[in-house]
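S.K.: For reference, the chains in residue letters:
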Amino acid sequence: MVYSYFPGCTLKTKAKDLDRYGRESAKALGFELEEIENWQCCGGVYPLGTDEIASKLSSVRALNDAKEKGQDLVTLCSACHHVIKRVNDDMKNVEDIRTRANNYMQLEQPYEGETNVLHYLEVLRDRVGFDELKKKVVKPLTGRKIGAYYGCLLLRPSSVLAFDDPENPTIIEDFIRAIGAEPVIYGYRNECCGGYISLKEKEMSGKMVDRIMDSAAGMGAEELITACPLCLYNLNTSTSANKLPVHYFTELLAEALGLKEEVQE
Amino acid sequence: MKTARDNAEKIKEISGANPQKCMKCGKCSATCPAFNEMDIKPHQFVSYVAEENIDALMQSETLWKCLSCFACVERCPRDVKPGKLIDAARQMVVRQRGADYLKAEEIPELLDPELPQQLLVSAFRRYKR
Amino acid sequence: MQRIGVFVCHCGSNIAATVDVKKVVEMAKLEPGVVHAEDYQYMCSEAGQAKIDAAIKEKGLTGMVVCSCSPRMHETTFRKAAERAGLNPYMVEIANIREHCSWIHKDMEEATKKAVILMRAAVAKVNLNAPLQPGESRVTKRALVIGGGIAGIQTAIDIADAGYEVDIVEKEPSIGGRMSQIDKTFPTLDCSACILTPKMVEASAHEKITLYTYSEVEKVSGFVGDFTVDIRKKARSVDMDKCTGCGVCQEKCPSKKTPSEFNRGLSNRSAIYTPFAQAIPNVPVIDREHCIKFKTGKCGVCSKVCQAGAIDYDQKDEIITQKYGAIVVATGFDMIKLDKYDEYAYNQSPDVITSLELERIMNAAGPTKGHLERMSDHKAPKKMVFVQCVGSRCSDERGKSYCSKICCMYTAKHAMLIRDKYPDVDVTVFYIDVRTPGKNFDEFYRRAVEEYGVHYIKGQVGKVVPQENGQLLVQASDLLDNKQILMEADMVVLAAAIEPNPDVRKIATMLTASIDTNNFLTEAHAKLRPVESPTAGIFLSGVCQGPKDIPETVSQAGAAAVKAIGLLAKDKLMTNPCTAKPDELLCNGCSTCANVCPYGAISYIDKEVNDHGIREVRRIAQVNSALCQGCGACTVACPSGSMDLQGFSNRQILAEVDAICR
Chain A
3 MVYSYFPGCT LKTKAKDLDR YGRESAKALG FELEEIENWQ CCGGVYPLGT
53 DEIASKLSSV RALNDAKEKG QDLVTLCSAC HHVIKRVNDD MKNVEDIRTR
103 ANNYMQLEQP YEGETNVLHY LEVLRDRVGF DELKKKVVKP LTGRKIGAYY
153 GCLLLRPSSV LAFDDPENPT IIEDFIRAIG AEPVIYGYRN ECCGGYISLK
203 EKEMSGKMVD RIMDSAAGMG AEELITACPL CLYNLNTSTS ANKLPVHYFT
253 ELLAEALGLK EEVQE
Chain B
792 MKTARDNAEK IKEISGANPQ KCMKCGKCSA TCPAFNEMDI KPHQFVSYVA
842 EENIDALMQS ETLWKCLSCF ACVERCPRDV KPGKLIDAAR QMVVRQRGAD
892 YLKAEEIPEL LDPELPQQLL VSAFRRYKR
Chain C
241 MQRIGVFVCH CGSNIAATVD VKKVVEMAKL EPGVVHAEDY QYMCSEAGQA
291 KIDAAIKEKG LTGMVVCSCS PRMHETTFRK AAERAGLNPY MVEIANIREH
341 CSWIHKDMEE ATKKAVILMR AAVAKVNLNA PLQPGESRVT KRALVIGGGI
391 AGIQTAIDIA DAGYEVDIVE KEPSIGGRMS QIDKTFPTLD CSACILTPKM
441 VEASAHEKIT LYTYSEVEKV SGFVGDFTVD IRKKARSVDM DKCTGCGVCQ
491 EKCPSKKTPS EFNRGLSNRS AIYTPFAQAI PNVPVIDREH CIKFKTGKCG
541 VCSKVCQAGA IDYDQKDEII TQKYGAIVVA TGFDMIKLDK YDEYAYNQSP
591 DVITSLELER IMNAAGPTKG HLERMSDHKA PKKMVFVQCV GSRCSDERGK
641 SYCSKICCMY TAKHAMLIRD KYPDVDVTVF YIDVRTPGKN FDEFYRRAVE
691 EYGVHYIKGQ VGKVVPQENG QLLVQASDLL DNKQILMEAD MVVLAAAIEP
741 NPDVRKIATM LTASIDTNNF LTEAHAKLRP VESPTAGIFL SGVCQGPKDI
791 PETVSQAGAA AVKAIGLLAK DKLMTNPCTA KPDELLCNGC STCANVCPYG
841 AISYIDKEVN DHGIREVRRI AQVNSALCQG CGACTVACPS GSMDLQGFSN
891 RQILAEVDAI CR
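Residue numbers (the working numbering), protein chains in the order written: chain A, 3 to 267; chain B, 792 to 920; chain C, 241 to 902.
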């Protein structure tokens, strides 16, 4: 199975691990991520204004590219997934945005939200299947207690993201089980890490990540996994005595599939 | 000169949210992770838009403290979308007054080796046009 | 040619402020057949009716049109007035110039134009009206009550006391309903079981009442006064005549891992069980899904220990067919599922519970024998938080748009009872509004605050976080202090919204009783006919009609009983003469009409007809006017134009259309 792949800015720079481990693991699991040519940055945050069109166009370009190839569009970064999925929803359901975006784009065929947007985790759950994944694990992470950190972007607003139960999600916990480790559920796994606020308000984001760390460590987690480079960055700034190591989920996936060393070489 | 009513209407239009649906339960403020940093709290913000008390909103620190984490939008029982109202007011300030919360000259000082590109992109999207 | 009178009502200013009534009168006088036209301030008043009476007699009217409000409001009034003056009531037509005209238009000229057109259409129809005579149908002197909670029990007792036979159909193994699960009742704090069980006994012992428990209504046919109902009596696997209710079978049953429905899953029950100690009938049922004998064929312990030989594994479901004159729906409610509200961690912590679960915990016969304790570690809580409006008053798709009405009061009750029995437990209630309309209700709530020291904080809870120390972290708003509160609690109690019993949709469909978007049954009139369904012969009792507490439920149950008794007391009912009638010469016996008839009112006979001198036997449609409800589906479906609805014939309808298009 070949998917169109939108890596996003950070996966080419600071978050190369999220990307590399993800691509290699995909091969082992029998699917391929085909990078969209000339993709443009998604903008990092979804432009909430109903009258903002220009800032939604980079997503539309990627979506249309996938549509022309007849492929589903896969992302690894939570932020890219969030932005592209929401823009796709606009193109499908909001007539004003659809019309104005298409007027600008002048595509051969207008884009009307036809592309299916999937996060890598959704591919694992819905296409590969966690049971199948479990069968392909060669080095199960037995005994490791891992907390899933969802953050905001994958879950909310649930009416558009439709990723999992926004208050009691299970997809990353199921993933953790599939790679042989033990998931630790804690209350702040779906609360915000501070996001872009950490650029100027370090104290504020600091309090927020400390609360997440305290919550996770308190429930017995020994490490955290995330799908978002900004979450990872913010969590790593924690000064809590309970600070836990944070990894991209793809890193642990590659490790369980026995690919980690291979990728690192 | 735009009147407060024009501005309130503009906020409603940009956000697509309706403050009149609010029943003043306070769940948005109960759930907000940035509550303590805000001068006008999320539930007050909704009332301010409904009451067309826009000048206060445009001077508010809240605009720059909201994380757009959507906890309030997700949990609001009345579908009021407080987070969207706050973002709409922020956009209005940026459009009318120009962006002055984050200046490009500040950036080098704020950087550190681990800082992901995503953070700069997101911050600029939120703070500037 | 008809001699028609037209009467135009001002309805105070309701019509006259927007419609030029004088103009309507003037225009009416120009219509064919109209010999009299006048206007009056309130046509429905005694003076207005006297004018109608006088005109009919003096002008020798053969038909009349009243231009007034909706026929749903006053058609009966004017038909009766006409009848008193010697005019066949079916010669009266209403032109609705209020709801269809004055209330929805602002411009007087436009509205007047429309009122004239509506008047013309009605006159055109009356010109073709013919007198109709209602038929008669019999009334079966027996009532069916669907649901055996306090609403159904009270309705049944009241009807039975009036001397009529009543059957109660209850799908659970015992009657009692939600009230039997409640520990104490507000605002008097008397024990729920103490006041309910005598009612249950009374219903069960009443010579006029028959209980069908563990039973469901399967099929309903017929119409007001003459319903035929199939009741499925599910196999109990226990002979009701032999069982002595000793309870040994339940004690010895080796399958004890089924969550108890009665205790809301907080404890387990055996596969053979009675839901609670005071169950009526006190005869257990075997839950075949969880019974080892039924699952594997091996076991049979209950049969071995039963001294009375009452266990019958071969028992089959039984269908009972019975005729009824009236049917009362009393299907009650349940709490909504909280799966979509996991910010309150209901699915993540056993110490987050619903109010109904707390009722069971507080009850001496409940899972903790009445000791207030946490379900996680059975420790006594020191700090409790109550969250109001969980799923009520919501405009998103997660919850319900309405106020569940009972939560404010039962929460005050819970808080007060806990503070009374366990003074060291700190109780905080987070509320949006405290709604206490009811006799002694606000005083009750104030007592909780003033005498029992319950903390009421205005603000909703945003999130509940289970913590490593076993406590729940409650994150909430204090709106009056403009603060965000973080508070640790040992237990959190959610006042989940109530919703009509999910089965009610199925039942409403069988009864052709209308239901609203929230699955509450609709009243015939929200204010003036609150206990009747718009479907004749169907009455509403209790929460199936809308949220209400016990005293209101009991009042409504009595009101529904009176309406049912009013029907059962009649020997005959007048039937609507506006039924379908085939033109025998046009009918070609194709069966199309019979196929579309929702009431099974059409059959076929072979009959000799004289078609312009040709005598032959043909297969033609025949309408049972007692079954026909006058819906008109057959008249539309009939390909030959043979089928017509009396009072609404194709000619009459087309005459109206012509008049409108003129």
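Any given hint could turn out to be false.
As the list claims (entries may be wrong) - No more than 25 Å apart at the CA atoms, straight line, and that leaves these computed lysine-lysine pairs for DSS-like:
hint : chain 1 : residue 1 : chain 2 : residue 2
1    : B       : Lys801    : A       : Lys202
2    : A       : Lys29     : A       : Lys16
3    : A       : Lys16     : B       : Lys812
4    : A       : Lys18     : A       : Lys138
5    : C       : Lys411    : A       : Lys204
6    : A       : Lys204    : B       : Lys812
7    : B       : Lys812    : C       : Lys723
8    : C       : Lys346    : C       : Lys411
9    : C       : Lys424    : C       : Lys723
10   : C       : Lys474    : B       : Lys812
I should point out that these hints are in silico values taken from the structure, not numbers from a laboratory. Treat the numbers as computed from the prediction; the structure is a model and nothing was measured.
S.K.: Is the hinted pair Lys801/B and Lys202/A satisfied, with a Cα-Cα distance of at most 25 Å?
M.R.: violated (28 Å)
S.K.: Is the Cα-Cα distance between Lys812/B and Lys723/C 25 Å or less?
M.R.: holds (22 Å)
S.K.: Within a Cα-Cα threshold of 25 Å, do Lys16/A and Lys812/B meet the stated pairing?
M.R.: Roughly 43 Å separates the two Cα atoms, so the pair is violated.
S.K.: With a cut-off of 25 Å on the C-alpha distance, tell me whether Lys18/A and Lys138/A pass.
M.R.: It holds: about 24 Å lies between the C-alpha atoms, which stays within 25 Å.
S.K.: Given the hint that Lys346/C pairs with Lys411/C, test it: the Cα-Cα distance must not exceed 25 Å.
M.R.: Cα-Cα ~53 Å, so violated.
S.K.: Between Lys411/C and Lys204/A, is the straight-line Cα distance small enough, at 25 Å or below?
M.R.: violated (61 Å)
S.K.: So if I understand the rule, the pair passes when the alpha-carbon distance is 25 Å or less; does Lys474/C with Lys812/B pass?
M.R.: violated (47 Å)
S.K.: CA of Lys204/A to CA of Lys812/B, is that 25 Å or under?
M.R.: violated (35 Å)
S.K.: Verify the proposed pairing of Lys29/A with Lys16/A, using a straight-line Cα cut of 25 Å.
M.R.: Satisfied, since the Cα-Cα distance of roughly 23 Å is no more than 25 Å.
S.K.: Within a Cα-Cα threshold of 25 Å, do Lys424/C and Lys723/C meet the stated pairing?
M.R.: violated (35 Å)
Hints 1, 3, 5, 6, 8, 9 and 10 from the earlier list are contradicted by this structure; the remaining hints agree with it.
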